[in-house]
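Q: Could you put together the complete structure from these sequences and hints?
There are 2 protein chains.
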Amino acid sequence: MEMYSCFSIKLFKAFRKARRHVALVRRRVFDRKNLALLAFLPTTTTTGAAAWIVTMSVSGGLTLARRAVEAVRRTPRWQKRLLVLTVGAGSLTYACQDNQVLQINDGTGKKRVVIVGTGWAGASFLRNIDTSLYDVHVVSPRNYFTFTPLLPSVTCGTVEARSIVEPIRNIVRKRGGAFRFWEAECYKIDPTNKKIHCKSDNGTNIDGNGDFVVDYDYLIVSVGARPNTFNTPGVVENCHFLKEVEDAQKIRKSVMKCFERASLPNLTEEERKKNLHFVIIGGGPTGVEFAAELHDFVNEDLAKLYPDVKKYVNISVIEAGDHILTMFDKRITQFAEDKFKRTGIDLKTNFKVVKVTDKAITMTNSATGEIAVPYGMAVWSTGIGTRPIIMDFMKQVGQANRRVLATDEWLRVHGCDDVYALGDCATITQRKVMGFHDLLKDSEGNAIKELKELDIEEFKKALARVDSQVKMLPATAQVASQEGAYLANCFNRMKYCEENPEGPLRIRGTGRHRFKPFRYRHLGQFAPLGGEQTAAQLPGDWIHVGHSTQWLWYSVYASKQFSWRTRMLVVSDWGRRFIYGRDSSSL
Amino acid sequence: MEMYSCFSIKLFKAFRKARRHVALVRRRVFDRKNLALLAFLPTTTTTGAAAWIVTMSVSGGLTLARRAVEAVRRTPRWQKRLLVLTVGAGSLTYACQDNQVLQINDGTGKKRVVIVGTGWAGASFLRNIDTSLYDVHVVSPRNYFTFTPLLPSVTCGTVEARSIVEPIRNIVRKRGGAFRFWEAECYKIDPTNKKIHCKSDNGTNIDGNGDFVVDYDYLIVSVGARPNTFNTPGVVENCHFLKEVEDAQKIRKSVMKCFERASLPNLTEEERKKNLHFVIIGGGPTGVEFAAELHDFVNEDLAKLYPDVKKYVNISVIEAGDHILTMFDKRITQFAEDKFKRTGIDLKTNFKVVKVTDKAITMTNSATGEIAVPYGMAVWSTGIGTRPIIMDFMKQVGQANRRVLATDEWLRVHGCDDVYALGDCATITQRKVMGFHDLLKDSEGNAIKELKELDIEEFKKALARVDSQVKMLPATAQVASQEGAYLANCFNRMKYCEENPEGPLRIRGTGRHRFKPFRYRHLGQFAPLGGEQTAAQLPGDWIHVGHSTQWLWYSVYASKQFSWRTRMLVVSDWGRRFIYGRDSSSL
Chain Y
311 MEMYSCFSIK LFKAFRKARR HVALVRRRVF DRKNLALLAF LPTTTTTGAA AWIVTMSVSG
371 GLTLARRAVE AVRRTPRWQK RLLVLTVGAG SLTYACQDNQ VLQINDGTGK KRVVIVGTGW
431 AGASFLRNID TSLYDVHVVS PRNYFTFTPL LPSVTCGTVE ARSIVEPIRN IVRKRGGAFR
491 FWEAECYKID PTNKKIHCKS DNGTNIDGNG DFVVDYDYLI VSVGARPNTF NTPGVVENCH
551 FLKEVEDAQK IRKSVMKCFE RASLPNLTEE ERKKNLHFVI IGGGPTGVEF AAELHDFVNE
611 DLAKLYPDVK KYVNISVIEA GDHILTMFDK RITQFAEDKF KRTGIDLKTN FKVVKVTDKA
671 ITMTNSATGE IAVPYGMAVW STGIGTRPII MDFMKQVGQA NRRVLATDEW LRVHGCDDVY
731 ALGDCATITQ RKVMGFHDLL KDSEGNAIKE LKELDIEEFK KALARVDSQV KMLPATAQVA
791 SQEGAYLANC FNRMKYCEEN PEGPLRIRGT GRHRFKPFRY RHLGQFAPLG GEQTAAQLPG
851 DWIHVGHSTQ WLWYSVYASK QFSWRTRMLV VSDWGRRFIY GRDSSSL
Chain G
311 MEMYSCFSIK LFKAFRKARR HVALVRRRVF DRKNLALLAF LPTTTTTGAA AWIVTMSVSG
371 GLTLARRAVE AVRRTPRWQK RLLVLTVGAG SLTYACQDNQ VLQINDGTGK KRVVIVGTGW
431 AGASFLRNID TSLYDVHVVS PRNYFTFTPL LPSVTCGTVE ARSIVEPIRN IVRKRGGAFR
491 FWEAECYKID PTNKKIHCKS DNGTNIDGNG DFVVDYDYLI VSVGARPNTF NTPGVVENCH
551 FLKEVEDAQK IRKSVMKCFE RASLPNLTEE ERKKNLHFVI IGGGPTGVEF AAELHDFVNE
611 DLAKLYPDVK KYVNISVIEA GDHILTMFDK RITQFAEDKF KRTGIDLKTN FKVVKVTDKA
671 ITMTNSATGE IAVPYGMAVW STGIGTRPII MDFMKQVGQA NRRVLATDEW LRVHGCDDVY
731 ALGDCATITQ RKVMGFHDLL KDSEGNAIKE LKELDIEEFK KALARVDSQV KMLPATAQVA
791 SQEGAYLANC FNRMKYCEEN PEGPLRIRGT GRHRFKPFRY RHLGQFAPLG GEQTAAQLPG
851 DWIHVGHSTQ WLWYSVYASK QFSWRTRMLV VSDWGRRFIY GRDSSSL
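For the protein sequence lines, the chains are Y and G, in the order given.
So for the first sequence, the numbering used here puts the first residue at 311; every next one is plus one.
So for the second sequence, the numbering used here puts the first residue at 311; every next one is plus one.
Keep in mind that the hints are not guaranteed to be accurate.
Each pair may be met inside one copy or between any two copies, as identical chains are not told apart.
Lysine-lysine pairs mimicking BS3-like chemistry, simulated, CA-CA at most 30 Å apart [to be verified]: (1) Lys-826 / Lys-620; (2) Lys-620 / Lys-484; (3) Lys-563 / Lys-484; (4) Lys-621 / Lys-420; (5) Lys-505 / Lys-620; (6) Lys-567 / Lys-553; (7) Lys-649 / Lys-560; (8) Lys-705 / Lys-620; (9) Lys-705 / Lys-669; (10) Lys-560 / Lys-509; (11) Lys-583 / Lys-484; (12) Lys-669 / Lys-553; (13) Lys-620 / Lys-567; (14) Lys-870 / Lys-563; (15) Lys-504 / Lys-420; (16) Lys-583 / Lys-669; (17) Lys-509 / Lys-620; (18) Lys-505 / Lys-649; (19) Lys-583 / Lys-870; (20) Lys-649 / Lys-498; (21) Lys-484 / Lys-621; (22) Lys-420 / Lys-651; (23) Lys-583 / Lys-621; (24) Lys-805 / Lys-658; (25) Lys-484 / Lys-505; (26) Lys-553 / Lys-563; (27) Lys-420 / Lys-498.
Bear in mind the hints are in silico, worked out from the structure with no lab data behind them.
A: In C-alpha cells form, the structure reads like this:
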C-alpha cells in the first residue's frame, strides 16, 4: 500500500519534471510560431480560428495528462515497475543536475552587466542575453515579472494576480543559475564610478541597514515610470493607481468594500450613491479597459449579489481632452464613446481634475466651471512620470533640462558611457543630421529614384517615413519588450559586430556604427471595451471591433504569456470566470 | 462571424447556468454520500480508494465539460440552432428568476434571527436554517466563509487564498435572497434591549459614521476567538498569527521576503541565518502543520530557487509542554517528533516564550534558563483567547468570573434569554445533576443491568462515558459546524417540538426539555506532517500515519469544501502544485 502511494508520488514528480522539459521545448517552438501567428493575424480574423487556438492551447495540456494516466492504466505491472525504475533513474539524474552548485560567473574575466528593473524591458533583456558571455546581475524591488496588459482584468478578478506574474528566480533556474538576482531598490546611479546604490527593506541584517553597492561594466536601466499626478493635490492620498499587481489587488478589495458599505442599513440614498460612484481619471487604454471591466463585473456578477443597491452604481470616466482613446483610430474612439454612452458609463470629456479630497473630486470645465462630485473609489490613470532615481541620474549626465531620459538609437544614454536605458523610463532621440539620400530609400533600403525625378507624392511618403522614425515611441509593453530583445541581441553579438560593423555610417568619426539602430515594429493594439467586445487596430490600418476581436484578444494574450505555467493559469482563470463568474470576497 | 461568436458566448453562459444547477444537486447528493464515506473510512484505508475518489471528483467535472463540447461538435447545424433556442429560452427564464426583486422578510410577523459571525458555526447555521420561518440577518466583518483547515496550506501557496473562501453573498443568492448580510463588526451586545451595536469601516456615509443598531428576537453569537498571546510582551507587534486568510497571505509574503533578504550581498553568515530562522511558537495541530508545510516548501521548491542560502534555513517549533500534538494519540506524537528530528525541524519542548522583540525571541527552560534567539519570521499559534466583545457580554450576563462564555447543552447562554452562542467563542457546561440511572445506561439508552449486579469494569465504562460528556469540546471546525447544524435544526423544528418535546426531563420545573441536548460526534482528526505524510486518528482508535493517509486527507478535504466552485479550485491548486510547484513571487 505504502509502495503503491510511493509509486504514485514518484510518478507524479517524474511527470512534473518531464512536463517542465516539454514546456521548455514547446515554449521555444511556440515563440517562433507566435511571430508567424502575429504576421498571419491581419488576414485571418475568424472567431473560429481564434477559438481553435485557445482550445488547442488548453486541450494540449489536458490531452497530455489524460494520455499519461491512460497509458499507466493499460500497462501491465512488470512494465510499470520498469517504468518506475527508468523514470526514477532519469529523474534522479535530473535532480542531481538541479542540485549542482550554481556557476556564478565571478572572477572569470567576464564583463558585468547589471540590469535594474524586471518589467517588460528588463525581463525581455534577461530572456535573450547570452549569460555565457557576461556576468549578469539583476536588481529589482519585486522578485517577479508582471504581465501588465492583464492588470485591468486583475482589478475585477477576471484573472487572479498570481496568474500574471512569473518569479524571476524561475527564470534564473531555467537558465541554470547563470545570473544573480537581488530583491532591492536601486536608489542612486553613480555613472562616474560605475556603481549603483541599492537598499532593501528594513531589517535585512542585524543592524537593520540593508544598503549595498553593485559595480557594473554595463548598466541597463529599465526601472519603468511612475504614475503622473501632475501635482494635483490629494491624488496620492486618495486615488488608486494601476501600475503594479498590488495596485490591482487593492482596487479589487476597494470595489468590494464600496459595495458592502453601500449595502449597510441606515444609509440615505445619497450616501449609497456616493459609495457606488466609481471614478476613473484618464481616458487612455488602461482607464477605459478598467471602466469596461468594472462595468462587466457590476452587471454580470455584482448585480445578482447586491440586487438592492445595483441601481445606485455609477461609473464615470473623466478625460481632459476631447475624446478618449486618442491614440487609436477615430472609428474606434467613436465606437468606444457610443458604447459607453449606451451601457451607461458616464463619459466626462474636457474636464480637468484639480483637487481630490477623501470625499469629493473637484474638476473644471470651460462651460460648467468648477464642480465637486462625491465618490466611493477613484482610479488615477492619466499617464506616466519620471521616477526620482531617473531625475537624479539625468542631473548627473547633463540632461537636467529634459523631461525624460534621452538615449540614442542604440539605447545608449546621452552623456555617459556604458549605460543603456530602455522601456518607459527613457525615450529615443534621433540622429540630428540625416543623409538626404538615406531619406529617399524605401523600406528595403533601395534608393527610390534619381533625385531629379522625385515627384511630390514620393517626397511626402519619404517625409512620413522620417516622421514615423522621429515620433516618440509609446510607453507600451511592446516597445519595452522589443527594446530589451534588441539590446540583448546587440550584447550577444558585441564581439562579432566590433569586427563586422553593420550599422549606418558614423556622422562624427569614421567608419560605421557597430549595430543597426533600434527600429520599433508595431504589431497592433487592443482596447477591450467590455461585454466580450474588443477593438483592435493592427498594422495595415486593419481595424475591427466586436466579439470576434475579443476571441482574438484571448488567443493573443494567452500566447503572449511568459511561461506555460502562467498561460495555463490565465486560461483556467478565464474558464473559471465563464463557469462560476468572478469572486466577490473582499479579500 | 458575429453570430457564431454570439452563439459560443450564449452557449457558454447557458452551460454555466446549467452547471450551477447540476452542482447544486450534486452537492446535496455528495453531502449525503460524504457521511457514508466517513463511516466507511475506518475499514477502507487503501490509497487506491482514496485516489479514486479524488480522481472521480476531478474527472467528473472534466468529463462533463468534454462530453458537452463533443456533443456540440457532433450535432448537425439545425439541431444546434434548436439547442440554442431551447437553452436560450431556458436560461432566459432562469435569468428572469435571478433578477426578481428579492423577498426580504420584513414586517411579515416572522421572528428575527440575527447571526453574528460567518465562521464554521455561523455558516453552518446559515446553510441549515429554514428562512421561510425566520427573518434572518447576518453581521460579520468579512463577507466570506473561510475553510480554515487549509489555512496552513495557504501560507506556502500549496493552495491559493481565494480557493478556500466562499462569499456569503453567493449563499444569499443560492437561497433566493432569503436573508440579509451586512459587512460590519458587532462591537456590543445589549441583551436587555435585545439589540446589537455594529460599526463598519470609516467613510460609510457622508459624515463618516458607520454605526448602526440591529434588533433581534433570537441572537446567535458565533464570533469565534482571537489568538491568545498570554500577554507576552512584543507578540502582537512582531509575530504572525494564523487565524484568518489575511494572516496566511501575510505569512506567505513574509517567508518570501526572508529568503530574498537572506540572498542579498554584503550579509554575514550570521545575518543570513537570522533571516532564515523561522520560529513557530506552539506545538498544536496548526503550528505543526505550518512547520511541516514550510519545510516542504523550502525543500521542494525554494531550495532549487535559492541554492546559495538553503543551507542557512532553520525551522524551530517551540512548545511549552513536554510534547507536541498532545491532543493526539501518543503514537502519532511520537511519530511526528521523530519525523521532525529526522527532517531537521528543530523541536524545542519545555520552552516558554517570555518576550519577543523585532530582533530576537526570549524563552526560558528549567535547564538552560533564559535564552534569546534571533529570528527572521515568527508565527504565534498557542491557542485561543476570548474576544473583547464576548468579555463585555459576559460581564452583562453575570459570567464575569468565567474565562469562556458558558452555554447550556442547548447552546443557550447562561444568564440571558434568546441568546445562543456556538463555536470557539463559547463552551458548553453540563447539567449539574445527573440521574444515576441515566449514567448506567449504555449508548443505546438501555439500562445496563440491575444495580446490584454492576461490576467494576462496567462502572468504569459508565464513568468514562460521563467523562466524555463533561469534557470541554475542542475548539475545532468540526465542533462549530455540528453546533451550527444542530441549532438550525432546533430552530426549524421549534413549533413542532414545543408541542412534542423530545428532550430529557427538566430538573427544575416540570415536563421535558423541548429538544435533545447537543451531542458532539467526533469524526476523527488529521495532522499533516509534510513529505506527503499525514497522521490520522479516526473514531474506534483507528490510527494511521503515512502516504496513504495523505491521500485520505486530500479526498476528505476536497469533499468537505463549501461549494463545487471552491472544490474545483482547491483540487486544481493541488494539481498545479504537483506540476509546477509552488509560486515564489513575494506577492
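Q: What hints, given by number in increasing order, does this structure fail?
A: When the structure is compared with the hints, numbers 1, 8, 9, 18, 19, 20, 22 and 24 turn out to be violated.
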